[in-house]
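K.L.:
Listed below, chain by chain, are the residues.
Number of protein chains: 2
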Amino acid sequence: MGKLLLGLLIVLLAVQASEGRVRRHKWDVKYEYKSPDCYEKLVITVNGQSPGPTIRAEQGDTVIVELKNSLGTENVAVHWHGIRQIGTPWSDGVEGVTQCPILPGDTFIYKFVVDRPGTYMYHAHYGMQREAGLYGLIQVAVPKGTSEPFSYDADHSIVLSDWYHKSAYQQAAGLSSIPFVWVGEPQSLLIQGRGRYNCSLVASLKNAAGTGSICNTTNPQCSPHVTIVVPGKTYRLRIASVTSLSALSFEIEGHNMTIVEADGHYVDPFVVQRLFIYSGETYSVLIKADQDPTRNYWMGTNVVGRKPATPTGAAILNYYPNHPKRSPPNMAPAGPLWNDTAPRVNQSRAIKAHPGYVVPPPQRSVRVITMLNTQNRVNGHTKWGVNNFSFVLPHTPYLIALKEKYVKHAFNPTPAPDSYSPADYDIFRPPPNPNASLSDSIYRLEFGSVVDVILQNANSLTANNSETHPWHLHGHDFWVLGFGHGVYNPVKDSSKLNLVNPIMKNTVPLFPYGWTAIRFRADNPGVWFFHCHIEPHLYMGMGVVFEEGVEKVGRLPSSIMGCGQTKGHRSP
Amino acid sequence: MGKLLLGLLIVLLAVQASEGRVRRHKWDVKYEYKSPDCYEKLVITVNGQSPGPTIRAEQGDTVIVELKNSLGTENVAVHWHGIRQIGTPWSDGVEGVTQCPILPGDTFIYKFVVDRPGTYMYHAHYGMQREAGLYGLIQVAVPKGTSEPFSYDADHSIVLSDWYHKSAYQQAAGLSSIPFVWVGEPQSLLIQGRGRYNCSLVASLKNAAGTGSICNTTNPQCSPHVTIVVPGKTYRLRIASVTSLSALSFEIEGHNMTIVEADGHYVDPFVVQRLFIYSGETYSVLIKADQDPTRNYWMGTNVVGRKPATPTGAAILNYYPNHPKRSPPNMAPAGPLWNDTAPRVNQSRAIKAHPGYVVPPPQRSVRVITMLNTQNRVNGHTKWGVNNFSFVLPHTPYLIALKEKYVKHAFNPTPAPDSYSPADYDIFRPPPNPNASLSDSIYRLEFGSVVDVILQNANSLTANNSETHPWHLHGHDFWVLGFGHGVYNPVKDSSKLNLVNPIMKNTVPLFPYGWTAIRFRADNPGVWFFHCHIEPHLYMGMGVVFEEGVEKVGRLPSSIMGCGQTKGHRSP
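Sequences listed follow chains B and X, in order.
The working numbering puts the first residue of the first sequence at 540, with every later residue one more than the last.
The working numbering puts the first residue of the second sequence at 540, with every later residue one more than the last.
Calculated directly from the structure, the hints in this document are not laboratory data.
Check before you lean on any hint, since a few could be wrong.
Because identical chains share one entry, a pair is satisfied inside a single copy or across any pair of copies.
In silico lysine to aspartate or glutamate, EDC-like type, Cα no more than 16 Å apart, as pairs [said to hold, decoys possible]:
(1) K947 <-> E724
(2) K1035 <-> D963
(3) K772 <-> D692
(4) K705 <-> E724
(5) K1035 <-> D965
(6) K846 <-> D879
(7) K705 <-> E571
(8) K827 <-> D694
(9) K650 <-> E597
(10) K944 <-> D654
(11) K891 <-> D807
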């Protein structure tokens, strides 16, 4: 009997070990007054923090987040960016695609396995709530005893964000207005939720309590973020960008950075002085504390790709035992020329899979979807679109609409178009006819098939302007096959794609007037958003949806229902 | 055959006449930038307007409002204030009491009969959305051929509101903070959605488009409201107050006003120079255009009952054919002394039922519920409460919880307390122990029984301060039996109550340090909110709920479900 119990215990422990541990989190999501850049505004917080608490886990662990919505009158949904949700597509957290919104007062349980080590993030995926502050990091460690292709003494992390003093509501109302009202460039860049606005610009405005100015540089909430290093040691710095709008450069005075990880994949290491990072991307860089140890150094981030109107975001690299608040002697780094695209393209091109970790891409795809990215107009509204369709979410989430037979006509079943007419379109000029249509059509992919997407950039509605769009794919990592300038030529350019050692990523930039080619295997049963990660661009329709193998998806939890045609229904 | 058809037609027409017509409205509710007092902010609009469109109907008509929620990420619910919802308690529009919130993208259908003529209003009843601008008037005419106890040449209406430049979100976050952050007095008073802020106070702030100042006195949206009159004619002016906070006085330079209607009931007419009106009240006054016809006159409204920090709200009474925009020669009326309570109490006492329309009250009640109104603290939060309980809404609306057997333990079944201990409580001092408890307990009333409520005021947490609270009862009109100063004495005061010709109302003020006695018959099957109509006070817990005859309520529409325990359920 004792032996039997012991045997059972051993079996249980083995199961525990192979299935990973459970990492349980209880979150309370609400609006609170915070002053991340010294300027007080309402921020969506998780357990009182923005960025929210970092989720730490080990490969194979199960993460459970019990999310209580305390926003009062506003719903919420949270996406686990970079987590593929294999077997749990209902936990992807995209309102309108994979779930109904979480009502005020409701507690929703997200449960998923983190099956790959690396640096990921989470953020709101409903309206423009990411911009309001709902985001944070996910760090998945390799199992104990597993080595990584680089070594370091300690691990630090940083979330980069851009910050508006207007509310996400105000920005959304402007985007929906005729004429279109643009909120403009962000007021601040935040490093780990901390920035510094020039309070003298708003000296006359009162704070909510009426006890002082709305902007107070002595508020401890906006003292710069400090990363402590010991001279001589090597650090892994995990960097994630959750910006609403901005492409960023990031640098550390006097320190090289060796890029070793991108979106959870090991990179063939290379050294940069500046890291370019787009919204939705994560990187790990190694830094060595090998500079003059008697002082501190600025870590700085600046806007690139758009004419900046936002000052440098700065944090302190603190060489122990210098005082952590001691300002470095120089100004924070001002960043590169904002409109010098070449170094940015070069960095993206330079990122290849680490030789020991190459996942060879299939040599052929069965389907090529070309996506012309354009700025458009629909009934007087300014929009963004793909192949002349601007995306709108249906009222019943796709995952439920496609899986549950009782849902009818939830969206337009006409397939979204696989291409545009390159011969008829000059990507270097504003569209002669900018009018597009709203659509909730999707791409249905053959399960297990290999699909190429050619993202094709174009001129916006403004002459001589083409923007950088970071595209993010849910539920997959894709191979980054190549980048080019001008119109993608299927004959000439396809032969130059990297089918040897491409990096896998979940987010990739599309450069001005350029193209980006990616490949992925449609082997994750579910419905997956693919969209520009610039929050206002997505809000204005810059996204598409892929379905693959939805018939293989397990029984949907009833907790994701309750809206559209699933209002008042119980999952059968 | 022709005769049969004719007969059928006559029957159909008769049914039509006896059942009233159907008044159908399609509403789109969304956030838009508006400048009601010249200061641009986000406003919740109905079909682009705030106040929303007036609902006009005739007694016995059926009103159908198809409300589309286009708020983006925020839910909504709309209450039809003063409409008793006999047989349709699910259309009362109170989130948490009679329905689940209406999700973004959803269209909810409110359908109810307006069974009594008079002046009513509608407004959001979710979070603090009323303050954000979602309100308007309901005017129910007497059937053609029916006379009213007064005559007039034409009918005009006016909605009074107070206006904050901060969002309802900001106010709510402050109310929920520790320490409590109070938004302060409103920036403007609006007459029919128009006011005038002193733009020089915010000259440096930009509008959303960045094209000019956030405050622009030449914006046509904030040109004063104009009521046109023809000299010599008599007008019925319907006045409703939907203020968030403020008690108001209203006057028209040089013109007497004869009060003829209150909350849909005919008043024994009397003349006032100033009308005092509390949030949730409606009045009709008659005015005669009998002054110097060569000029215009100010209509003015001012804050009373709180030390005002808000300028006079002004509109123009335009004597035709003077130019409607011609300013009257004097300053707008500055209003009475804010802290002179006696004239306000006197007006409330003077309002009696019109002799020809007295609804005699039952001479006895079977139950007296005394409600001590106090400001409290709960776990460091500042709250308002009744008999030491601060009200919180449950997660499943009461109407559904009480009617649908599958809902269990949706709220605390312990009855809410019928009284407090007058002997142990000094209403003239701040509470020695201000701590209260949160509660979602309710009052269950015997169906058809006659119930008295004695509202008993007290000192707030601040010494020498007692506020005016306008209490509003859903689903009923009540008889206003009396007002008094100090502690209500059941022996002495009950004998002085007016059981002869009390006015019936749905909203009644409770004056500082005073009591107000009302009586109603619990004969409307449903669940009904009774609460202070000051929006922040209700947000802070100043309300109770009555249930009566819920077993007689018809089958609940599934459209009201979808939250709490009804998420994923279909109405059986």
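K.L.:
Run every hint past the structure and note whether it holds.
P.N.:
Comparing the hints with the structure gives:
no.	hint	in the structure
1	K947 <-> E724	neither (42 Å within a copy, 51 Å between copies)
2	K1035 <-> D963	neither (25 Å within a copy, 88 Å between copies)
3	K772 <-> D692	within (6 Å within a copy, 89 Å between copies)
4	K705 <-> E724	within (11 Å within a copy, 22 Å between copies)
5	K1035 <-> D965	neither (23 Å within a copy, 87 Å between copies)
6	K846 <-> D879	within (11 Å within a copy, 59 Å between copies)
7	K705 <-> E571	both (15 Å within a copy, 14 Å between copies)
8	K827 <-> D694	within (12 Å within a copy, 80 Å between copies)
9	K650 <-> E597	within (15 Å within a copy, 55 Å between copies)
10	K944 <-> D654	neither (31 Å within a copy, 43 Å between copies)
11	K891 <-> D807	within (6 Å within a copy, 87 Å between copies)
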